[in-house]
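The hints should help you fit chain B onto chain A, whose structure is shown.
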Amino acid sequence: MPPTETEAGTAQTTPPTLTDLLALKESPKNSKVEYVIGGLELTGTDRESAAQLLADGAMRIRCGKSPVLTRWRTRRDGGPEETGARKTALETYAKLGFGLRDKPANDDHLQGLVAELLWNRLMQERLVCRDGRRLVRAHSVKPDPLEPGGDGLVVYEIDDGTLVFRLWEIKKHEAQKRISATIWRASQQLSSRGNEYLAKLAGPETVEEKSPLGEFYADIVELWLDGSDRAGAGVSVGTSAERAPKKPSSFGSIATAFPHFQKPGQIESIVVAIPDFPGFATRVREIVWSGL
Amino acid sequence: MERALDLGLLTDALAGRTNLPTAQQLQELMANVEVQLILERAEIPPGLLDAAWYLHAVASVNQARERYTVARQRQAFQVSAHLFDLALNQDHWSRVDRLSFGFAAAIGNRRGGLDPNATAIMNRLQTDIDIDADAPVLDHLGTLALEAGLAFLGFQPRTLFTWLNRWRQQLAALARASQLQDLTTTAFGPTHMVVLGADDLLAYFARGDRARLERGRVRLRTAATGQAGPGDLNARWVAAHLLALSGEAEAGSLWNPAVLPPTVPALVRQAFTIGSPPVLTLWEPQRELLTGQRSPFDPGVRRMVLAVPTSGGKTLVAQMLAVEHLARTNRSVCYVAPTRSLCREVRRAMASRVRILQKETGPELPDFPTMSEVRDALAGTEAGDVEVMTPERLAHLLRHDAPAVLERFGMFIFDEAQLLKESGRGFTLESTIALLDLLSRDTDHQIVLISAAMGNAGAIAQWLSPDGQALRYESQWRGPRRLHAAFTTQAQWQDTHAEPVPKGTTWPYRLITPLSGEIRLRMADGRTTLLSTQDDTGWRLVRKAKTPELVQAGLLSDDTRSTKRYMIASEMIVELGHAGSVLVVASTRKQAQMLAKGLANQLDELPVMVPLVDFVRLQLGDDHPLVEALRHGVGFHHAGLPIEILEALEEAVREDILPYLTCTSTLTDGVNLPVRTVVIYDQTYEGQPDDAQLRGARLVNAIGRAGRAGKETEGWIVLVRAAAPTDKDFRDLSPDAEALAVASSLASEEALGAFADLEQQMRADEDAIFRTQAPATSDFISFVWLALAIEEENGTNLAEAGTATTIVDSTLASSHSPEARATYLRVAQGVRRAYTRTEAGARRRWPRAGTSIGSARTIDDLASELANTIIRQERDNVISSIDEPHLAIRMPRTIDRLLKLREAPLWEFRVTPRGTEIPVKPVDLLTDWLAGVSLPGLAETHLAAASDPAWRIEQMVNTVTGQFEHYLAWTIGALVELVNTRLDAADADARLCPSLGSYIRYGVDDARALILMTSGVRSRRLSHAIIGHIPADLEATRETLRLWIARRGIAEWRTRYDASASEVLDLLDYTRERGRSLLKTLLETGTVAVDLPILTPNLPTWTGSLTLEPLRGEPQPAPLAIYAGDQHIVTAAAQDHTDLSAILDTGLDLTVEINKQAGRPRPSLSITLPFSDERA
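Protein sequences appear in the order of chains A and B.
Going by the numbering used here, the first sequence opens with residue 7, and the numbers climb by one from there.
Going by the numbering used here, the second sequence opens with residue 17, and the numbers climb by one from there.
The shape of chain B in the complex, shown without the other chains:
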């Protein structure tokens, strides 16, 4: 437990106040309530509420009076907000009480600097806010001010615009009937002024209308001071707080020039305030960063290191940096995230911001693109303004054309920068950053590193800017509180009894000991509170014994008779589900799967799961264990499942459909999936690699998922261990800066050992650098080689040893110790010498492969052989259609040789994990993969010998992701490029299928399918289905395909291609008109129009006003349709859907009309913003 339960904070807030619980008593009372929340029986002692209201009063007194210090008032807001929040967990309050406590908690959080908790409170109490369109506001006028205040504090303009508009119009009607301008002086005056004032504030925070801010303040003041009307304490209370907040929140408003420089256009600000998700004010760390001594928007700040915890709002900061950069310069932004899933998430979030500016995010593209794809990516007209990619892809682009990368991008943002220290991929990231840094030392390129688990931001900043010029920002701030707990079992030795085993010859007895469960909760002062199970749990420890004597030591456990650990854990975990979604992080796939089974065994079937269950059945077959678990509301998530399934599981958790998900760190490292409760199932096993243990940054990533900002105010983290409880349990849950220090992966003992070995080998033979097998040395050599190649292109004299020194010193590794640096330098000098010995063309070609230099040499040789064969065949006129992917993959001995390189994953299939091998020819499997056979289809065809469906699928997923989507796509792509370069040089006509690498990457065999897959349509199944229906002669261009697919429309996508909801969304995005933003036009001009897909004479007649909304009765995402009341007039075109949805999503009050256009066959849909702010 943290923050508000901190004794110092409580002491300062109470400041010795008597006649209330003391700070210590309050801490204890609060802790007890927290414990009760876990048990789902919250009872709020009266003392807590007394303290809450007292502190609220202290906090509420106008600061200008200086009655209390600003610091104390802020603490009082925070503590009182926490107390009201706890009180809301008790059941029996009236609606008025809930609204009162809710407003008090929400305003305490807003004014206490814990903004996301205010949104969470509003969301929790949303059912108490009467927003029924048919309910007359006059029926709940008595509580309307509280409702409006609480709704406003949610800061969710999408809904707030609508609600306030509805209330405002009804109150205006009453004022008119009362022959008044507004309801001031009447009993409803204060409430009316609260609603109008809140609406004014919203107009300022969302759209920057400063006059409305001033008017809102005047209105709120009249309500607060009682001038607006008599009585109504609650309306006055709400008004006073909103008035104060209007000033405090203005400091964090995006319209405040101190936050975003005045040069930033209004549209950029609106990209945040009414984009998705809308951001009305910044959270504290964001505000601190942007208004600090050095602004990150200062173009002179070229290097930044931001260390902000998960849920600390770092995503938004990155978005703001990117968007401001786009508005200021004509270069793009490159956003680097470590996994494809995270890239997708960032891309989605970024798109919603930049589209308002008529900018685009690029689609998901391969990590190892072909040369032509690299050219398109770096100079193509389709390239996005923000490109989101993995470190591998950026590294690959740099290898191919570093100057073009620097020409194209002006800002590089590296998210999850703690990845630097991971063995393997860490150096890819490090070398990419180092290279960029090296190449942009004298340019204005900006490099930003962001991390939620970086204990040494200072050292990292020093690496990037040895002159100390890097902007470094660190914060520990986070919205939701955290409660830490540890679960273990306790053997009840005194209740042990013995039982004979009839056929037990070696161990004729079993000693059976009951186990109880214990949850320890950590208090803020370091004490722990213990909760123990009271009744018999049914859990047993069974030990093998030779005699029935009850007290014996050193006995072996009988694992078949003892209660399984995963069963015990799942029985405890199931009790945590009442508070919200639970994520259970296990060390292995098997553990994750067993825990899911254990949880599912205790839960009834959940009807809401049916659609997801059906989807998974289709993808994996009826027998897959995930299907049965999901029926009961439990999923498991690990790398042995197809990405479509993983994304569906993640979405189900986000949507609060799936209550329990077990997973491995694949999820917590790679996906931003916050939940209410994270359970760390820490059952280590013998031989577990260090990297696989949930420690340090990996643990921080896992526990960082607990507590969803804006959704709840508290997250629980429960550690489940079999070992006896120790104080270390809780220390492990809070790794310190040292544990989170980010060091180069080259500095590990293992890596340094590999460097020592290499040095020794180099002493005997300098060519040892081509043979080294250790990943660390091999990666280092590749990096130095690439940097030398770039330096050579730049005209640097490589005979000088200083070049290698500069290259080595650009790495993080060299900064750790002089001894290590000396080693790296010696190796680098060896590489430089080898480089200069190598033929000039080859040495510059090799690094482009992205493999080790040794493997690159092999691929180069293979390319030479293949090119010679093709030239010979062409000359002899016996050449086949090698530009066709199915034939190209059958080039003799090619795949087999690639699979023997050092980088190649093992090509191996087995009947069971330890069973006999199943022979599968790579080319056969690849053929089916290209032809579009589904994963279960591939598994059934090629792995029929494996009877366990889960194991079959798991092996196939491993092969598809490891081999096809990664290794073979990459190396075959590199090989094809080298072959075709040679064919070109030899003036041959034939070309080996240029896009072969991409076909393999995406599992398609048609150029048009490839266009779809590289344009944001993620589903291989859908791409194959569309291509199956497309006219054979339809040109393979993006635009032709887009128009053809758009004309089919959502309904046909569903019926003809069987498109799922997420597939429909992808198609909607694909078919929209790129580079157009209707929202931008609407915001700038107040009106926007698009043609409707109907001929004017076919338009029906209608009366009354029109609305634009999803087609009624259709599944989501439904087409957008225009209605006049209940009459459906016309459905909008699919290509306009995304743009129109962006407008509807803002929640702005809109006027919809259909205009018949003279001289044009089709009518247009016109959307306008009302001229007056108070249309009533």
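Looking at chain A on its own, in the form it has when it is part of the complex:
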């Protein structure tokens, strides 16, 4: 089953996958939390490609089928600047989470947004997981990550056709504290706010009476509270390379927060640790602004 909620619009060229660019490295087999770490060596043209990929993806989500997207790309690629209402419209889309040059979003928000864009892209590219789960649907991230709470839901199918899900919390980490503290905070937040995220989906995802996924969404909160085998949790962190976790124990707090998820792959984590993550986030923003 192909992803149902991918980005709108049509890309002009086929970009390299982010997964390839980040060179994700999987966790050891005996790790309680199944995780990947990547981006440690992301420099040069790969780094620029990744930034371009994210900026373009972000604008595609924002602009949908509006010709604004084309105008943005044209401008980004050196075309003329828009004026008047068209420029205002363009800015309206671009400023979500990024802000504008004269009023940029603060760094925390920007880095949080880039962490979400990274996660979202990776989720959509990962069609088959290590344990054989096949991607059914990755909910797209919020355009503006100002709100707290569970950040992303991904639905998979396992061999017998059963649907399972992972609820993710995505954070950026740039504090002086260790990354395990951010993972712990994300786990706690997911544990306390996961209900809200799933509860808010119960209505919209069951509107279509005949949708095959509806049955699954009608149960999703029950599965989450039951600690069912069909549920799972994930924490994704965007950070700088030097802050990358050194050992599996850095992920321990996820298991502690979700003790009922015992099966392999029920608890996951992604750490994208890019050299100078704040600089990378700023670069993504510059690309977005270059289209204005």
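By construction, these hints were calculated from the structure, which means they are not laboratory data.
You may find that some hints are simply not true.
Across the chosen pairs, the derived CB separations fall in these ranges [claimed, not checked]:
| hint | chain 1 | residue 1 | chain 2 | residue 2 | range |
| --- | --- | --- | --- | --- | --- |
| 1 | A | P254 | B | D150 | 50 to 60 Å |
| 2 | A | A181 | B | E304 | 50 to 60 Å |
| 3 | A | S255 | B | P62 | 44 to 54 Å |
| 4 | B | S548 | A | S255 | 48 to 58 Å |
| 5 | A | G167 | B | P62 | 53 to 63 Å |
| 6 | A | A181 | B | D630 | 57 to 67 Å |
All C-beta atoms in this analysis are idealised placements derived from N, C-alpha and C, irrespective of residue type, glycine included.
This is chain B only, laid out in the frame that chain A set:
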């Protein structure tokens, strides 16, 4: 505590869910939070929110999937709404959280059947909804869907039309700039579809546009399913719920033919959906009633009994019945409410509905009108389509011309029907209903009884329809939850100490015991939670003792040294004010006043009170204790204050200006004044009459005021008792059906005793019926006599005993027991015999007086004497101008004799409540009253010997209301009528001032002032002031006066007559053109125009679009003016103000233009509804 804290409900909602608090734990957690709310320190444990979201999820799953039962989903909505509501009381949430919890709570309440709580939640969170006209919507797009969803759930179209319009236009501009039809597919698509979808739903619910409903559903579906754009969980969440709600709420929509029959015109529906207050959907009990097996709109349903609690929406049901009746028939509606205040409220509410239909409500008129006023009322062209009156007035109209009453009115609605059981007035109501029932047994007249405190609706329905055909509806539903608490003090005996009293010879010692305070809260499972004061309260119980021994029993309390009970109570009550307005109901005026003083002592002065304080100072003088209390935000309300003051206090509570009001049951029985917290100050005293105690229906009325529907989700009821706490405290706060059973006042032991005495006297002398003094027997005799007179007019042979049986059997009293019925029958037969013995003219004349038959006979004799005197004087040419009120009241010995009748209130004034008497001549006081002297003026002039200003005013208020506005107006009116009938029969030219009763009733002495007072201008001061400025030769007709006053305009009313805001409102209503509704024309044709009070050449030039709004910088109510941006163009005429305001109040999107009219000197103001629904 009730409903959502009910263990059964929690258990069903959770259905054994693990990994969450159990039902019992949840109940305890919720109860703890409720307790914390009282202490103003709410902390929400995480488990509560987990449970809230879980239950919300359960409730949210599309019902079509049948994943959960419908009943469970409804319970889950209710409980989760309560949990989110509690969570909102905690302080630290972000704006997004508050909006999320707010939407979840509001939708839970709407979809859980607790609609008014959704409005309350929206109102509480209104500051989180960004409605600033200058704020670009793009700055809060991230939360706009939540804001729009929450705003929509408030169901307040007046503001919602404006907000949605503002958001819609800005989003449309963005779509245009994005070269899209709408923002679908973009990140803003779901939000855009939520705003447009909500706007579509509003167009359906407010104006019945079904195509918009369908389009709204399509739009909301695209947002909910993600087709409108990516991401934005909140927009999808909101959209899904609004989509589901559109179907559920349609079931309660006034556009649904199952709710209001298809024959009801669209305009009638709009009278509710965009009238004031707007009603988009019905509350559950209203819906149940209207869609039940038998529709109350079925003309075949001739009798109805509706028992619905306060805040259960009974007012709206009554309005709907009335409006539907007006639309269906050509007869009017008679709405009967027990007090003048309630009548005013009903009249105001009814007017806003019926005016859209170009119908009118009649003005406030006297309880005992004169014959000519009766004629006008029953056949006059000025008569309203809905007349609101007291039982006394309806009874009086029936006494004068019952056939005309039935000809004029097709429906009779009796509100607060539990009044039936009150001694005194109860039988007036009972006999009026009985008579109407008797006279309309074979006609299509409809009689509706409504009550919030009727435990035996079945028995009452049986009374009205012994064949079981009456429609009976009972419901216990109410919007806001209730929390019951009881406060007492606890003596800390172990800390008692003794103190010697230096000069105490009999009691040389005092034993002093500290008191702590205890509040017990009742949990849903019957348990109570105790909150105790922790520190020394400073409250002391001091007892007199002969020895310093600390442990002694049976000692007397030293009341001068002990802390006063009212002080203790007020220190506790002041702590409740943080949650909202507090009403303290006391048993006596004195208690109410003391409590107010106690509260005021603890509170700082409140600057916002200044205008009210100034108003009261003017009315009562600087020294009145109410003035000082009000400075601190505390009022007291009892029958010893003038009605203008009482209404100002009530308005200040409604407007949330006055935080504390102490009162007697005069307020809770007579005025619909809901508040956040009701405190029942239950300090009984020796010799307190049963009627004066806060029990049964009276208590239900009082506690029914707790929790304002649409304003808050919870009301608190706190019982304050001095006695030791018992379980009975809480039982007393929830009277059962038996305690609320409505029985005839004739069935009381006292009444039955009076009947037994009368029977005994009748055995000796059948004329004893003329002498009986007991109110119950006297009222019964009057009723039977009147019914006989009506039967006689109808040609019934009164020699037959069966007539009396039919009359007796029409009463509720006769249905209670066969023995009592037999007694009533024997007395009634005696009355019938006396009736037939009496001269034919007299026997039909007497009942018209409305007094006992004995008193009527006396008045008739007095009238005969007066008529003979006048005829003699006329013959001798020595007659004075007796048609002039000041001379008419000086007819010799008249007032003194009337004041000696059984019905007369005591004419008595004293220096202090128990002091010596102050002699005041009735005619002197009456002269000043007619001349327009103010109440404080009357008090100062005639009661100067009483030094306490409050006591002076109280006595004067008692006299004015009891004597002038009621008794003397009534009996003198009846006397004048009888005198003039005789003068007419004797061909005399002279007439005793025909309107004398009305002049006395209203305290005016000019025919034009009387027109004002009987046309809705309530202020006697204002009427006198206007008449003082009016040209002497101005004709005394309503229309001439209206035009003259209208031309002066609001500004001049203020400067020349010193008119207050409420007086201006009365004048605006008086000067409007009756029988015209600009709103009706606008709704029907899409456009409306009125002439502007300016000559076309004088119009300034302007550019840009025009707005119609209150004149800037003027106090409310300000004239309406037309502006072009900041430029003032012209002010609309005062006579169009009310009509134009009704249009503005709808919140509809309007286009305003000024048209210069060819061939006409004045331009016109034109208002149109935009052609397209999406002007952007």
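Status of the hints after comparison with the structure:
1. A:P254 x B:D150: 50 to 60 Å: Given a distance of about 55 Å, which is inside 50 to 60 Å, the answer is holds.
2. A:A181 x B:E304: 50 to 60 Å: At roughly 58 Å between Cβ atoms, E304 (chain B) and A181 (chain A) fall inside 50 to 60 Å, so the hint holds.
3. A:S255 x B:P62: 44 to 54 Å: violated, 27 Å
4. B:S548 x A:S255: 48 to 58 Å: holds, 50 Å
5. A:G167 x B:P62: 53 to 63 Å: violated, 36 Å
6. A:A181 x B:D630: 57 to 67 Å: Roughly 60 Å apart at Cβ, these two residues keep to the hinted range, so it holds.
Checked against the numbered hints listed earlier, the structure breaks hints 3 and 5; every other hint is satisfied.
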